[in-house]
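2 protein chains.
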Amino acid sequence: MSLIVVGTMAFDAIETPFGKSDRIIGGAATYISWSASNFTRPIHQVSVVGGDFPESELNALQERGVQIDGVQIKKDEKSFFWSGRYHLDMNTRDTLDTQLNVLADFDPVLPESYKNAEFLMLGNLVPAVQLKVISQLQQKPKLTVMDTMNFWMDTALDDLKKVIQQVDVLMVNDSEARQLSGEYSLVKAARAIMNMGPTYLVIKKGEHGALLFHGNQVFFAPALPLEEVFDPTGAGDTFAGGFIGYIAQTKDISFDNMKNGIIVGSAMASFCVEKFGTERLKEISKADIDARIKEFVQLVNFDINLI
Amino acid sequence: MSLIVVGTMAFDAIETPFGKSDRIIGGAATYISWSASNFTRPIHQVSVVGGDFPESELNALQERGVQIDGVQIKKDEKSFFWSGRYHLDMNTRDTLDTQLNVLADFDPVLPESYKNAEFLMLGNLVPAVQLKVISQLQQKPKLTVMDTMNFWMDTALDDLKKVIQQVDVLMVNDSEARQLSGEYSLVKAARAIMNMGPTYLVIKKGEHGALLFHGNQVFFAPALPLEEVFDPTGAGDTFAGGFIGYIAQTKDISFDNMKNGIIVGSAMASFCVEKFGTERLKEISKADIDARIKEFVQLVNFDINLI
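Sequence order for the protein chains is A and B.
Adding 56 to a residue's 1-based position in the first sequence gives its number in the working numbering.
Adding 56 to a residue's 1-based position in the second sequence gives its number in the working numbering.
Looking at chain A on its own, in the form it has when it is part of the complex:
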């Protein structure tokens, strides 16, 4: 039940209406693995960091069952850095600074031990790099999940479409679904995107929940109404991590089980936003997660008898 997680490991500096962080640990693969490792181990990480990335962070991940053979450490270079400021609604943000650093010429090399993985999670990253990972696999995984964003639609659409063609589950947010499909209606957008390759599409709507589409079926998972969203950074990655972690744990890729995966992902994301960065993800226990999932069950539970 091995899982490959591909994505950035990086530094972020974040401003929200509630405060401002120093340079803290971030990156899609970081959040995905902190989230997924609650459900499945080992995780085979594929990423690149500079000499400035703390060894303690790599050790902490290894203690969680995250293998880092596939993480390149370029001692004389700097890690990827992103800085952003969130607006009051926490659904929109401005990028203040992006320094690619080690990411600029990242050429992923899959260790032999990774090449027969059953599950592949392509976190948000340069599509060309995602393609290089796929091309090194010895067999098609049982399930390939891809998370991406509007930046690649603007700058690398051809490559992006090549990756999309090869994945089973695509995850984007609502505005990205509209951009990628050219359709305003999410139902029409979903149909158009599934015609590009993926048989499953997840549309993330932040505080408004998430939709899972498959053929003519649709499932809706709410977001938990929270007193405060402290820092949304990494919520999408954490969602993806909970989803693929649960799927890898249960080894069941049916639509019905994917619904559960979406709920687990939503529960994990609801923790992520409670504190800056990965802080909350590092604190929570299995009991916390189970209790949160039960809150989701309660949140949408109703029992109507048609009269």
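No lab work stands behind these hints, which were simulated from the structure alone.
The structure displayed is predicted, hence computed values, not measured ones.
Be a bit skeptical, because a hint or two may be false.
Since copy identity is lost for identical chains, a pair holds within one copy or between any two.
[What the hints assert, rightly or not] In silico BS3-like links for lysine-lysine, alpha-carbon gap of 30 Å or less: (1) 244 x 342; (2) 350 x 261; (3) 244 x 350; (4) 76 x 244; (5) 244 x 338; (6) 261 x 244; (7) 261 x 217; (8) 261 x 331; (9) 331 x 244.
Starting from the known structure of chain A, fit chain B onto it as the hints suggest.
Positioned in the frame of chain A, the structure of chain B alone reads:
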């Protein structure tokens, strides 16, 4: 199981990205009663129209079990008129024209037969008029539900707060909940508003569903993902009508049954937006409604076993 419905009966002229209507029948009480009469009859309507309001529309309502003894017909005056244009997202709109006409000096008089009603639905209307209706009742209804909007928060906040104090269930949309409470977080907004009087609060989020708050409990109902939202006018009123109609039918005002009411309201609203004005509401059958409610059950249904 008598139900009083208070609100406007009016003409609307609507522009959406999909088209433009002539002067068509609208008004909160119109939509509420078309929706509620699928579940409970008789309905005691309280409203005011001018001599220009078609008798055929009043007859059609009466055939649905809507009694119009409480509807004042001012033959020499004109009905309330509203004209608006929706933006592409259908969640925002500009008011192009408002002509109060008969509404300007509306003084509701409750017929004797209305005064012991078990359920009271105060549709969106001048708060002072809503107060006058409450003051004429001989006994407190089993449940009083109030729908209102930002316009009254801007222009009649004192009166509005007096009504809010006396109702059991308040319905507003998300931006109105924020305006009324001064809180951005909907969880905090809900707590603040419930401190103003209502023990239940419904926050409507349009295409993003609706939340029901009661004490520390919360329930979330999704909106059905639709291929096209043709005209959102009256969706909130139709939602309210489905809710109160179902509650009046089942006579059960528990939190658990209100969840069902929210689902029924959401199902009714999903029909309303499929065509201009009340057109779709006039077409649908009980079988259509039951099938739609089953779609909602499917939409959020999942069965997770914590491992």
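Hints and how they fare:
1. 244 x 342: between (38 Å within a copy, 28 Å between copies)
2. 350 x 261: For residue 350 and residue 261, both the intra-copy (21 Å) and inter-copy (24 Å) Cα distances are at most 30 Å.
3. 244 x 350: between (32 Å within a copy, 22 Å between copies)
4. 76 x 244: between (39 Å within a copy, 23 Å between copies)
5. 244 x 338: Classified as between: cross-chain Cα gap 27 Å, same-chain 39 Å, threshold 30 Å.
6. 261 x 244: The answer is both: 16 Å in one copy and 21 Å across copies each meet 30 Å.
7. 261 x 217: Within. Shortest intra-copy distance 22 Å satisfies the 30 Å Cα cut-off; inter-copy 33 Å does not.
8. 261 x 331: Answer is both: 20 Å inside a copy and 26 Å across each meet the 30 Å cutoff.
9. 331 x 244: For residue 331 and residue 244, the Cα distance is within 30 Å only across copies (18 Å; inside one copy 36 Å).
The structure shown violates none of the earlier numbered hints.
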